[in-house]
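Participant: Heads up: the sequence shown at position 161 corresponds to 172 in the numbering used here, and the numbers run straight through without jumps.
Careful: at least some of the hints might be erroneous.
[What the hints assert, rightly or not] Below, in silico cross-link-like pairs of lysine-lysine (DSBU-like), each with a Cα-Cα straight-line distance of 30 Å or less: (1) K43 <-> K64; (2) K268 <-> K64; (3) K268 <-> K162; (4) K64 <-> K162.
FYI, nobody ran anything at the bench for these hints, they're computed from the structure. A quick note: this is a predicted structure, and the numbers were derived from the prediction, not measured.
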Amino acid sequence: MSADPYVQSVNAHYGRGDLGGVILESLRAAGKEVDALTPDDLALVDQFHIRGKEATLELARLAGVERGMRVLDVGGGLGGPARTLASELGCRVTVLDLTEEYCRVGEDLTARAGLRDQVVFRHGDALHMPFPGGSFDLVWTQHSSMNIEDKERLYRESHRVLRVGGRLALHEIMAGSRAPIHFPVPWARDPSMSFLRSPVAVRALLTATGFEELAWVDVSAPSLEWFRQRVAAQATPAVRPLGLHVLLGADFGLMFKNQVRNLEEDRIAVIQGVWGRP
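Construct the entire structure; sequences and hints are all you get.
Facilitator: Shown next as structure tokens:
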């Protein structure tokens, strides 16, 4: 692992050392055949963002995703959106993530789902993308920017690796009108790893970077309802082997309750956007 303290913090927050084994055991407990998985088998644990697979397909429609597109999923984690884009829309997807364990486990899950020829993983830094310029038709981010302070460099790199005419599709949590946010949240246990900017600031930054706005949608309201439903479900005694608690650990209930508060109190906003590279 890198000696960089920030990289170590990110890996410590998202990694757990035994994640692959825990996920497979959870899948078995849910009655899944772990050697012949489908993306839907994994959706409750690998769509690590608000509104899950529904939001992934919604963003794909907004971005005009087409079969055969070369997609870079920045901060793609275990590869849930990547496998969805590959299996349902025929894309060829590269997942770039800073958490080494996510890349390793994601590769294994992808192989078990029979998608190794369409989805590949690279362990690396979104601020130093290891790809030549113009390599991709689409750069995709779902809840990837909250841990990244240097958003100027993030979007410069995204612009660089896109071909002319390519698109950036984002589904991100941004700062609301009130501060601070309530911690812990899924991306950070305290402010040291959380770097939110307002929608106004992000739009201005993307324009200054050379992108052209094609779509911008505030999806905070359906996001709040999604969190409310999941907090309510926690009150029932049913045992659920699959879910984001597998990734988030014992604090997941508090994290979800804090997200309800953050959205209700306008401390965060959830945005989907599509930007072109002229």
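Participant: Determine for every hint whether it applies to the structure shown.
Facilitator: Right, here's what the structure says about each hint:
1. Pair hint K43 plus K64 holds up; C-alpha atoms about 18 Å apart against a cutoff of 30 Å.
2. Note on K268 and K64: the hinted pairing holds, with a Cα-Cα distance of about 21 Å set against a maximum of 30 Å.
3. Distance restraint check for K268 and K162: the Cα-Cα separation of roughly 27 Å lies within the 30 Å cut-off, and the hinted pair is therefore satisfied.
4. For the hint pairing K64 with K162, the CA-to-CA distance comes to about 26 Å; that is within 30 Å, so the pair holds.
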